[in-house]
Each structure stands twice: as structure tokens, then as C-alpha cells.
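Q: Below are the chains, spelled out letter by letter.
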Amino acid sequence: MSGRFLESTAMGFARAITRAMESERIARQRGLLQRLDPRVRVVGLLSLILAATLTRKIGVVAALFGVAVLLAILSRVSLLLLLRRVWLVVLAFTGVIALPAIFITPGTVMARTGALQVTEQGLRTATLLVLRVETAVSLCSLLVLCTPWAMVLQSLRALRLPREAVAMLAMTYRYVFLLVETASQMFESRRSRRVGILPGAEQRRMAARTAGVLLSKTVETSNEVYLAMQSRGFRGEVETLSSLHMTMWDYIGLLLFLLAGAFAAWIGR
Amino acid sequence: MHIPDGYLSPSTCAVLYAGAASGWYVALRRLKRVLLTRVVPLISVFAAFSFVVMMFNLPLPGGTTGHALGVTIAAIVLGPSGAILALSIALAIQALFFGDGGISTLGANCFNMAIVGSLVAYGAYRLMSARAAVGDRRRIIAAGIAGYVAVNAAALCAAMEFGIQPMLFHDASGTPLYAPYRLGVAIPAMMIGHLTFAGMAEAVISAGIVAYLQVADPALLSRSLTLSYTSLVGAAKLRPVASSTRRLWIAVAMLMLLTPLGILAAGTAWGEWSPAELARGASSRAAAVRSLRPEAPSGMQRLSHLWTAPFPAYAPAFVRSRGFGYLLSAMFGVGLLLCLSLAAQRVLERQRRRRAAA
Numbered sequence: 184m185s186g187r188f189l190e191s192t193a194m195g196f197a198r199a200i201t202r203a204m205e206s207e208r209i210a211r212q213r214g215l216l217q218r219l220d221p222r223v224r225v226v227g228l229l230s231l232i233l234a235a236t237l238t239r240k241i242g243v244v245a246a247l248f249g250v251a252v253l254l255a256i257l258s259r260v261s262l263l264l265l266l267r268r269v270w271l272v273v274l275a276f277t278g279v280i281a282l283p284a285i286f287i288t289p290g291t292v293m294a295r296t297g298a299l300q301v302t303e304q305g306l307r308t309a310t311l312l313v314l315r316v317e318t319a320v321s322l323c324s325l326l327v328l329c330t331p332w333a334m335v336l337q338s339l340r341a342l343r344l345p346r347e348a349v350a351m352l353a354m355t356y357r358y359v360f361l362l363v364e365t366a367s368q369m370f371e372s373r374r375s376r377r378v379g380i381l382p383g384a385e386q387r388r389m390a391a392r393t394a395g396v397l398l399s400k401t402v403e404t405s406n407e408v409y410l411a412m413q414s415r416g417f418r419g420e421v422e423t424l425s426s427l428h429m430t431m432w433d434y435i436g437l438l439l440f441l442l443a444g445a446f447a448a449w450i451g452r
Numbered sequence: 010m011h012i013p014d015g016y017l018s019p020s021t022c023a024v025l026y027a028g029a030a031s032g033w034y035v036a037l038r039r040l041k042r043v044l045l046t047r048v049v050p051l052i053s054v055f056a057a058f059s060f061v062v063m064m065f066n067l068p069l070p071g072g073t074t075g076h077a078l079g080v081t082i083a084a085i086v087l088g089p090s091g092a093i094l095a096l097s098i099a100l101a102i103q104a105l106f107f108g109d110g111g112i113s114t115l116g117a118n119c120f121n122m123a124i125v126g127s128l129v130a131y132g133a134y135r136l137m138s139a140r141a142a143v144g145d146r147r148r149i150i151a152a153g154i155a156g157y158v159a160v161n162a163a164a165l166c167a168a169m170e171f172g173i174q175p176m177l178f179h180d181a182s183g184t185p186l187y188a189p190y191r192l193g194v195a196i197p198a199m200m201i202g203h204l205t206f207a208g209m210a211e212a213v214i215s216a217g218i219v220a221y222l223q224v225a226d227p228a229l230l231s232r233s234l235t236l237s238y239t240s241l242v243g244a245a246k247l248r249p250v251a252s253s254t255r256r257l258w259i260a261v262a263m264l265m266l267l268t269p270l271g272i273l274a275a276g277t278a279w280g281e282w283s284p285a286e287l288a289r290g291a292s293s294r295a296a297a298v299r300s301l302r303p304e305a306p307s308g309m310q311r312l313s314h315l316w317t318a319p320f321p322a323y324a325p326a327f328v329r330s331r332g333f334g335y336l337l338s339a340m341f342g343v344g345l346l347l348c349l350s351l352a353a354q355r356v357l358e359r360q361r362r363r364r365a366a367a
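Protein chains in written order, with the numbering used here: chain W, 184 to 452; chain B, 10 to 367.
Think of the hints as simulated: they come from the structure by calculation, not from any bench.
Check each hint, because a few of them may be wrong.
To be verified - Listed next, the in silico EDC-like pairs over lysine to aspartate or glutamate satisfying Cα-Cα at most 20 Å (straight line):
| no. | chain 1 | residue 1 | chain 2 | residue 2 |
| --- | --- | --- | --- | --- |
| 1 | W | Lys400 | W | Glu364 |
| 2 | B | Lys41 | W | Glu347 |
| 3 | W | Lys240 | W | Glu303 |
| 4 | W | Lys400 | B | Asp226 |
| 5 | W | Lys240 | B | Asp180 |
Could you build the full structure based on these sequences and the hints that come with them?
A: Here it is, written out as C-alpha cells:
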């Protein structure tokens, strides 16, 4: 019990770093989505996510899920990875949430066992919810896995997100890893010095102290970053490098994505 | 509490994006008055800190563990505007990079956790720690309670967003299209976990960090960092208050002009029926209530005559046009509130002068 807090938090940090590295590796592969302009990826996959949330028919959501699987295969994203990271997690989380709806949603009774009754509406709403969440999260994961973070930021800027917001997202991402590493080292050093079992109250105090130290380091780091920015002449104007240019294939890809999204939303209305 | 894609309808997501965007806009404007060059690194690194704190697996009393949001400590150290932006950026990184929380629901998540959470945490902490010295134990308790209340307020917002889905979005057969549970189920289901574990996790981390800072870094508790930078920049940089007051008056005038829009709505406001409206079933809901109980309750009939309003149903007796009646009522209401506020201001000013003279 005593070590669980230290170990599980340290494992969480390690998992986050591993995931980030895995995403960067997949984003560098030469697959279908990776070849498209990042703006096309962002707009295209967002239009499919929107279509998946707009549609009211199970069949259409299932078809969009099929599109997500196809895109994953063509983009060389391992289906095993999606199964482990997305599909099983969503099934467990949303499945548990959706399960009671099968029995408590009022409607046409399909089957009855004792006090429990399965209604047609309940079964449909539970299936629709699970399938919709699976589809939307799969599409979102494809976007995350197939696009390096720097390109996501460039696309967001191209889509007219304010410069300040893009600059803060970029800096946050950079310092997330620094602080994760710092926190990880703090936990590691604490683990290496621990002997015996710590009571719960002491563990809580230790967690709060670690967070407190991290907070002081955060403020210190922000001061240093500010001074570094000042010394390099930062005056509040944020410039982003934009080396993106659309090819004919990008326009075709964008058109196909938008048509698929609009068609799915229309037939699923 | 991170709502994934697919749980909320696109229109709910759009409304919550609009709500969150107005919060971001106000927060960014307030911080831009401070000094953009100083705010960008501060908010960014603090957002990274919030992200890391959300990963802490906290041991809780009873042998279980939970994750905190870190919204309370952000609100205490940065102030509400800084906390709104830092938490929103942390949530955006979680959604865009780690797939935790949806992209279509990012507005909802930011509205619940970053905006409602930050404002509630800041308000509760300031209220409970008012006039307490930096090293006062009351600050620790205030931070703990503020954390608990803030997380539960954010969870309640999320539960209400889930709960309205089946009421507003269902197909012809009555099948809910998004989150399937009504408010009566969604609120208890959501709140049980937050009133126990999640609220406690936030309380533990907020109180613990404040206790640590009181000893190790009390300067961080004395004044919110963004406010400290305001004093560095100087009052000259601040936008004149008059322009914001003018904008407020324009907004009030616009709202007054728009009051007749209420006439366009069909039926009557839910639960605002008079005994006569209830008796004749003025709307489908009122008719439904009437079917349960054919007569208006006796207490309602008795108390409804206790006070007769000068402008009943926003329509003064001497005005024929309903639209003009609404407008006149709005002007009268705003004027009355203005007079009351001016009178209160005058009394307070007189008291302040008397105290200063003493």
C-alpha cells in the first residue's frame, strides 16, 4: 500500500513519456494521413468527428468507424495499438456507463428476466453511445498519432487560432516534459530513500510537498523563461514558422474528407 | 470529469464552446492589461504544472486513490484569469496530444473545469481566507474547502450537461441520441464519485500545497502573481475604466431593447404559473401538472393574493402594446436597481468618510 502511490504516479509519468515517443514515431511513418498536409488532417478528421456526433443512425456511425479503421490501416497505425489504447479503454469506460441504459430506458420491451427488462430504445441508445464514442475517439487518436505536435500547432495557427494561444500551447508542451521529468526524478529519489511502510497521512503530506516544490520550481522556471525571452528581444509579438503548402493531392484529400463527412451527416440525420 | 467526444450533442458542444470562448476572451484581455511578455511564459509553465499535478495519483483516506485537478492552487497563485487560461491550455494539451477528453467537447471541459472550477475556487478561497495572515491556518482550511467545492461545482455542471441530453435530443421512438440518463440519474451518478473521492483529492492537494507554501514560499500566497505583475507595469498601462463602463451601459441598453423577445416564446415559463394558468393548463407542462392535481394547491391560491405587483406580467395597465410594456418594465427595473445601488453607495461612502475622520 505504502509504495503504491509513488510507484503508480512514477509509472504514470513513464507511460506519458512512452506514449509521446510512440506518437512521434508513428507520425514519422509514411502512411496515408502522414502524407497529407496537416491542415487537411485536422480539418478532415474534425469533419468526420462532427459527422459522427451529428448522425442519428447506428449504421452510419458504424460506417464511420469502418472509415476510421481503414484510415488507421492505410496510415500504418497498428490496430493492436488502437485496440489496447482506445477501443478496449472506451468499451470498458463507456460500456459501464451505457449498460444500465439498456434496462432503465423506457420503451418497447424486447425481453424480460425477473425485475429486469430490456427495451428496444435502451439497447439502441447504449449501442449508439458506445459506437459513437469509439468512432470519435478513434478518429481523434488518429489525428494525434499521425501528426507531430509542431504541425498540429502550425495547423491551428493556419486555422486562425490567436498567436498568443498557439505560443502558450507550444511552450506548455515543451515544459510538460520538463516538469514530468523533474517530478519523476523527485519520486524516484524519494523511492530510493524509503524504507518500510508509510502511513496514508504521511503519503498525502509527501504528495502535497512534492507538488509544492514543483510549484516553486514552476514559478522559478517561468521567471527564467521570461528573462531568456526578454534577452532575445521578445516584445509580445509571436511569430510562427509556416512552411506548409497544399498540393493537388491535399486538395483532393480535403474534398474527399468533407464530402464523406457531409454525406454521413446527411444520410444519418 | 473529462467528457469524451460523443457524449454531448453538437449544439451543446457549440454553446459550451461559446461560453468557454467568452471566458478565454475576458481572461486574455485582463491579462493583456498586465503585460503580455510576462504572462505568456507564466501561464505556459503553470499550465504544464497543472498537467503534471493532474497525473498525481493521490492516496486518500480509506485506502483508495484519486486524481486532483489542480484548479484551486492555480486560482490561488495566479488569480482567476490566469487559472482559466492555464487550466484550459492544460486541458487542450490533454485532448489534442494525449487523447484525454474529446476535441468536440473541449469547450465543455474547459467551461466546467477551467472556468467554473477556477471562479468557484477563487471565490470560495477569498471568501474564507479574507483578512487571514499568510501563515494563518485558516488559509489551509479555506484552500481545502475551496478545492472540494470547486471540483463538485465543475462536476455538477458536467452532470447537468449530461442530464439535459435525453430531454433535448432523442429520435421519434424516444431513443436518447447522446448521454442517455436524465438529470434525476445523471446528477446523483456523477456527484457520488465527486463528493467522495475527486473532491477529497482536490481538497488534499490544495490544502497540502498551501500548507507547504506557508513555510517554504509564502510570497506566492500573499498576492496572485498576475496582480503582482500589474503593480510592476504601473497604472498607466491599464485600460481606462470609463470605456469598460460605457460598454456595460451599451450592453444594458441592448438587453433592455431586446426584452420584448420574450413575447415570441410559445407557452408560459415552466413553474411560473399563476393559479388561474395552472387551472386552465396554460402549457403542456402545466396541463401535465394539472392532470396530477386538478386544482391549484390551496396554499398557492391563498399566498398568490399576498402581494399585487404594480406591473403584473410585465404589462402596466395603462399600456396597450405588450412589447412597449416589456420595454417600460425593463427601464423601470433597471432604474430602480440603479437608484438602490446609488443609495447604498452613498451610505457606504458616508460611513467610510466618518471612519476616516475618526
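Q: Going through the earlier hints one by one, which of them does the structure break, listed in rising order?
A: none
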